[in-house]
Amino acid sequence: MKCKEIKRKIVPYLDGELGKDESMRVREHLSKCRSCADEAENLNKAWQLFSNLSIPEIPDSFGEIVARRAVLRVERGSELSDKKLSYWLRIGAVLAAAAGIVIGVFLGSGLSKIFNEPSTEGVFKESILDGIFDEVPQDSPAVILVGLVEGEE
Amino acid sequence: MAGEKTDEKLLLDRNQREREVFTEIVQKYWRRIFAVTYRYLGNIHDAQDMTQEVFTRAYGAFLDFKNGGNVYGWLVKIAVNLCINETKSMRRKKSEPYDDECEAQMHDVHENREIVEVLKGVLTSLPESQRMAVILSKFEGMSYQEISQVMGKSVSSVESLLARARKTIAKKMQKYISLEGSKKDEV
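First to last, the protein sequences are chains A and B. Just add 3 to wherever you are in the first sequence, counting from 1, and you've got my numbering. Just add 17 to wherever you are in the second sequence, counting from 1, and you've got my numbering.
Source of the hints: derived by calculation from the structure; they are not laboratory data. The structure presented is a predicted model; accordingly, all values stated were derived computationally and were not measured. All the pointers check out, no bait thrown in.
Below 16 Å or equal to it, Euclidean Cα-Cα: the simulated EDC-like pairs (lysine to aspartate or glutamate) are: (1) B:45 x A:63; (2) B:45 x A:67; (3) B:188 x A:44; (4) B:137 x B:63; (5) B:184 x A:42; (6) A:5 x A:31; (7) B:22 x B:37; (8) B:189 x A:42; (9) B:192 x A:42; (10) B:184 x A:18; (11) B:192 x A:44; (12) A:5 x A:42; (13) B:184 x A:44; (14) B:188 x A:42; (15) B:184 x A:41; (16) B:189 x A:44; (17) B:188 x A:41; (18) B:192 x A:41.
Given the sequences, and given the hints that come with them, work out the whole structure.
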């Protein structure tokens, strides 16, 4: 193996990530090549310095606090989303009821006009039907149907 | 720890005693998760906030966690994702202070404070993915395969992240490597 290739393998070699054969080849090269051996040594020493990094001491009670807060936050979160959902469901129900009332009132007043004002019925019928069939052939199904209905009345 | 239940045993009761089992899981792993977040973020308060966030997310998905799964692997994966992706948004949020009794006491048992500060600086100056790969490899003792699973990267990506990180570290720590060498020579 050439130095360039070895240098790419030094870190996995130091980390014990190479296979047996590859690891042996790198070791052999390092035993003969001063430059690669120096690089491997530097990388290794720098890595070892990290052992100086300690973790601050945190009291055991931190774990209890973390657990308690996690449970509270998740349960409060789902409670809040349940509340939000029921709030919107209630709003939806109120809106639907209001819409129903408005439509009911509208339809009711419209129907009562139709059924309670007989004097205008004829006018309404005429105004709607006047001229509709003027340009339609007299033997068309629509005209025959209207004729039958009028005949019944 | 003697008498500590295995994760498998703990998880058996999960559906009946969700809170209690989760609390036991927190007690078992919070120190390791705190260590990862502390090394990654470089300060105690951010690390405490992040540890809290990791376990809050974990509790939110606790019932979905599959029996027989690696609990620590799952937690550290949450920590890695949060650390890498949400560092900025976490810093924008105002942190909730912990009880006074929980104020950590820095205890640098090492004589050479300077090296510790430089090492912390070197670690936090590494790009996010390199930093996390270093923490998982050096401090959590994970293999490239395990790191690749936790970080969601290929093994060759992990290898390249660590190679670049270690070269940067060696370059920045050159002065201290030489010092260590000369100390040994003096002895």
